[in-house]
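Residue numbers (the numbering used here), protein chains in the order written: chain A, 1 to 229; chain B, 230 to 454.
Check each hint, because a few of them may be wrong.
Okay, derived cross-link-like pairs now, DMTMM-like style, lysine to aspartate or glutamate, Cα gap no bigger than 20 Å in a straight line [to be verified]: (1) K143/A / D91/A; (2) K285/B / D103/A; (3) K46/A / D371/B; (4) K53/A / E442/B; (5) K53/A / D338/B.
Since the hints were made in silico from the structure, they are not lab data.
Given next are the chains, with one letter for each unit.
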Amino acid sequence: MSPPVKLIGAFGSPAVHRAEVALRLKGVPYEFIHEDLANKSELLLKHNPIHKKVPVLLHGDDRAVCESLVIIEYIDESIDGPPLLPTTPNDRAAARFWAHFMDQKCWKPLWLALWTEGDLQKGFVKETKENLVLLEAQLDGNKFFGGDSVGYLDIVLSALAHWVGVFEEVASVSLLGDEYPALRRTRRANDYTSDEAVNLCLPNRERIAGYITAKDSFKLMAKAMVQQQ
Amino acid sequence: MAGEKKGLQLLDFWVSPFGQRCRIALSEKGLPYEYLEQDLGNKSELLLRSNPVHKKIPVLLHDGRPVCESLIIVQYIDEAFPGKDGKPALLPADPYARAQARFWADYVDKKLYDCGTRLWKLKGEAQQQARKEMLEILRTLDGALGDGKFFGGEAFGFADVAIAPFTAWFLTYERHGEFSVEEECPRLVAWAKRCGERESVAKNLTPPEKVYEFICGMKKRFGIE
Chain A
1 MSPPVKLIGA FGSPAVHRAE VALRLKGVPY EFIHEDLANK SELLLKHNPI HKKVPVLLHG
61 DDRAVCESLV IIEYIDESID GPPLLPTTPN DRAAARFWAH FMDQKCWKPL WLALWTEGDL
121 QKGFVKETKE NLVLLEAQLD GNKFFGGDSV GYLDIVLSAL AHWVGVFEEV ASVSLLGDEY
181 PALRRTRRAN DYTSDEAVNL CLPNRERIAG YITAKDSFKL MAKAMVQQQ
Chain B
230 MAGEKKGLQL LDFWVSPFGQ RCRIALSEKG LPYEYLEQDL GNKSELLLRS NPVHKKIPVL
290 LHDGRPVCES LIIVQYIDEA FPGKDGKPAL LPADPYARAQ ARFWADYVDK KLYDCGTRLW
350 KLKGEAQQQA RKEMLEILRT LDGALGDGKF FGGEAFGFAD VAIAPFTAWF LTYERHGEFS
410 VEEECPRLVA WAKRCGERES VAKNLTPPEK VYEFICGMKK RFGIE
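Extracted from the complex, chain A is given alone in its bound form (with noise of 0.2 Å):
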């Protein structure tokens, strides 16, 4: 019998998105720990204090693994079923690229794309765009980043697939637009989200516009990530 699964997690992230998707695809049952970030529970303070974020995989009573994409590849090689990574080094190698180019530099300019005005907006919508065009390349007409079926690299940029289109409307501003077929595709015509596995897990659209709507201290927080670069 295999150690029970808890996954600590909040409301609307992408990242705990990630951690469940995964967990569902390999079939995985798990128990769900509400986190009120505002107000941070010892139990996550305990099992992941380096970061103290979200999502923090448990699995049995002596195992902690943080950080989305480090708990994707535990939870890959860890659990059996049908592999999340692609099998060879060489595809592995560009999954890995592909998730770290994501997290690195995507999602600063997207975020600063929706909050900031005038130019600097301009700025940080053309940086985003460049950078889906990369995204857009990779799917190279392909229903999923890794072929026939949702793989590691679709729960990684499952963000553009759901939480992009409501970001979006909330601020409005146009980011995925018409422009990119593919990825857009994987987001309208629900390639991603109609996956059973990923549908149950998926945040509802109108919850996460209206968590987004009631904070104004986005704008806020943009002007100062703004003045730090």
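Using the hints, position chain B against chain A.
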């Protein structure tokens, strides 16, 4: 494509700790490769073609096919050349141990180099802040090591490969931050010595004084006192 060479080539820059991760990994695996020093002020056609997205070193070319990003390169080397001539794997077999190794390599990537750069580049309040953060990072690593021989326990592995090159930078951090790594993090320094006893590390790290000289040169170029 014309001129696609067979075998392994590493596009690198002599003092880069990221490049050194790859050199250590190749050495640990006993893999011969061609080292190609890059001029970062005047990037080569080969570099730009091999890493069009980031235009950075290191890049590993395997039969002409590029692999970019140092930690991804190290994992690639481990996966593409498993158990060659009885050489051990860099990543441990156990999934949880692998997750731990990846976590610490990621931690160093997210924190150490940038903080170090701020420490030597900045002055006044900002430098003091960088100093404070650097001490926290080094103490965290010291704590993670605990009483272990290496970050992975008994065996030198992925996390050690990821972190060892930065030990050559301790002297530079010390002089700019006015602290002693040995005093603050004795276990980390002991670990650094153990790593330095391995041939793969000894022959691939830049001597600390040379790193310091390099940074002083960079400061002159940027017009920093």
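Now the hints, each set against the structure:
no. : hint            : verdict
1   : K143/A / D91/A  : holds (17 Å)
2   : K285/B / D103/A : holds (17 Å)
3   : K46/A / D371/B  : holds (18 Å)
4   : K53/A / E442/B  : violated (38 Å)
5   : K53/A / D338/B  : holds (17 Å)
Hint 4 alone, counting from the list given before, is not met by this structure.
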